[in-house]
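Q: Numbering follows the numbering used here, with no gaps: position 206 of the sequence shown is 1169.
What the hints contain is simulated information worked out from the structure, not anything from laboratory work. Just so you know, these numbers come straight off a predicted model, no measurement behind them. Just so you know, even glycine gets a beta-carbon here, dropped at the ideal spot from N, CA and C. Accuracy of the hints is not assured; some may be wrong.
[Said to hold, decoys possible] Mimicking EDC-like on lysine to aspartate or glutamate, the simulated pairs with C-alpha atoms at most 20 Å apart in a straight line are:
id: 1; residue 1: Lys1194; residue 2: Asp1144
id: 2; residue 1: Lys1113; residue 2: Glu994
id: 3; residue 1: Lys1044; residue 2: Asp1010
id: 4; residue 1: Lys1260; residue 2: Glu1118
id: 5; residue 1: Lys1202; residue 2: Asp1144
id: 6; residue 1: Lys993; residue 2: Glu1118
id: 7; residue 1: Lys1044; residue 2: Glu1026
[Claimed, not checked] Just the calculated beta-carbon pair ranges, DEER-fashion:
id: 8; residue 1: Gln1193; residue 2: Ser1109; range: 45 to 51 Å
id: 9; residue 1: Leu1062; residue 2: Glu1137; range: 46 to 52 Å
id: 10; residue 1: Val1162; residue 2: Glu1115; range: 39 to 45 Å
id: 11; residue 1: Val1162; residue 2: Thr1141; range: 29 to 35 Å
id: 12; residue 1: Thr1085; residue 2: Ser1211; range: 20 to 26 Å
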Amino acid sequence: MKKIQKILVVNVNWLGDVVFTAPLFRALKKEYPEALIVCMAPPRVRDVSESIREIHEFLYYDERGAHKSFVGKLKFIKELKKYNFDIAFLIHRSLTRALLVFFAGISQRVGYATKGRKPFLTHVVPSAEKRDSLHRSDYYLNIIESYGIKVEDREPCLAVAASALERINDILREQNLTTRDFLVVINPGGNWDLKRWTVSNFILLIKRLDEEFNVKVAITGSSRDVPLAQKIKGSIKAKVIDLTGKLSLKELLALFQKTDVVISADSGPLHLANSVGTCVIGIFGPTQIEITGPRGKGHANLLKYDVGCNRTACYHIGCEDNICMQAVTVNDVIGALEKARRMKCRGN
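Build the full structure now, drawing on both the sequences and the hints.
A: This is the structure we're talking about:
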């Protein structure tokens, strides 16, 4: 059998899921220590992908931009061919990506036979039907395990860039924060509304943090979360460090490493924080902890209640009452924070 020297990993699209794939790259590096490992993924996950130590190169596939058209895809196939990859592991489930790898002439193609992809794979991974009963990380790791690669460490662990850490240190100094301060970062956003805790809950939470605890509070989020952060800040008198829309993902990762507790719904930032060893308080509603709960080295206190809804891993966007998220109260989060303060939570 030909020695594997160049590996392509066709990765997933979302921040949290990319974090879940970090152990996969670590296992590949251990199995093939001399091989070049290239990650193919959308531009929006580049920063987090580059925080996985074992990835040597990031190859962006812009399905909404440069590679959306037929001509764009042909150009991308040509680029893939230049690498002369020995094997491709298709973590992403799409048919289009399988076709790109197939027409690029990569001799070994490993993945689940989803969406009619079986004819374009050389190694079909069994048990694709378990996707909704396995943790996402296990579902992804199963792809390389079925090929005979042993995964000894299943814990996601991301690296913090020195330049990003330097900028965060500057920001914290500007805010007169020292290592003696207990820093709580609140991430109120989320990639879809059903997973978001209410604005009123975040307002009450920050008020209570200001009145009852000797802590510093920062709010984070992407640029699209700026109106949300402003709405929260406009309703409180407490001083809050607003970093919404001001940090790259690498800088956000560095901030989390300097943070004692991160409070967030089930979202990418929750998993980023947990991957650098920071204590997290996760507010879960429509998603299942068993499937998308954090798996990093940081302590995770995950809050979720059975509200009698017959939906599990709910994607019912038209839900009118969102009772599963409303079931988690401010008192619940305060109780979790009190526990976290008794622990060594800051990332490392």
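Q: Given the hint that Lys1044 pairs with Asp1010, does the C-alpha gap stay at or below 20 Å?
A: 25 Å, violated
Q: Taking only the CA atoms, is the gap from Lys1044 to Glu1026 under or equal to 20 Å?
A: The given pair, whose Cα atoms are some 18 Å apart, holds under the 20 Å limit.
Q: Taken at face value, is the distance from the CA of Asp1144 to the CA of Lys1194 at most 20 Å?
A: Violated. Lys1194 to Asp1144 sits at ~26 Å, over the 20 Å cutoff.
Q: Between Lys993 and Glu1118, does the CA-CA distance stay at or below 20 Å?
A: Roughly 15 Å between the alpha carbons, so the hint for Lys993 and Glu1118 holds.
Q: Just tell me: holds or violated, for the beta carbon distance of Val1162 and Glu1115 against 39 to 45 Å?
A: Taking Cβ atoms as reference, Val1162 and Glu1115 lie about 43 Å apart, which means the hint holds.
Q: Given the hint of 45 to 51 Å, check if Gln1193 and Ser1109 actually sit that far apart at their C-beta atoms.
A: For Ser1109 against Gln1193, whose Cβ atoms are near 48 Å apart, the range 45 to 51 Å holds.
Q: Given a hinted range of 46 to 52 Å, is it respected by the beta-carbon distance of Leu1062 and Glu1137?
A: Hint holds: Cβ distance 50 Å, inside 46 to 52 Å.
Q: Between the alpha carbons of Lys1202 and Asp1144, is the straight-line distance 20 Å or under?
A: Holds: Lys1202 and Asp1144 sit about 14 Å apart, inside 20 Å.
Q: Given a hint of 29 to 35 Å, does the C-beta separation of Val1162 and Thr1141 actually sit inside it?
A: Given about 31 Å between the Cβ atoms, the range holds.
Q: Hey, Lys1113 versus Glu994, does the alpha-carbon distance stay inside 20 Å?
A: Holds, at roughly 8 Å.
Q: Starting from the hint 20 to 26 Å, judge whether the C-beta atoms of Thr1085 and Ser1211 obey it.
A: With Cβ atoms ~38 Å apart, the hint is violated.
Q: Hint check: Lys1260 vs Glu1118, CA-CA at most 20 Å. Holds or violated?
A: Holds, at about 7 Å.
The structure fails hints 1, 3, 12 (numbered hints given earlier, in ascending order).
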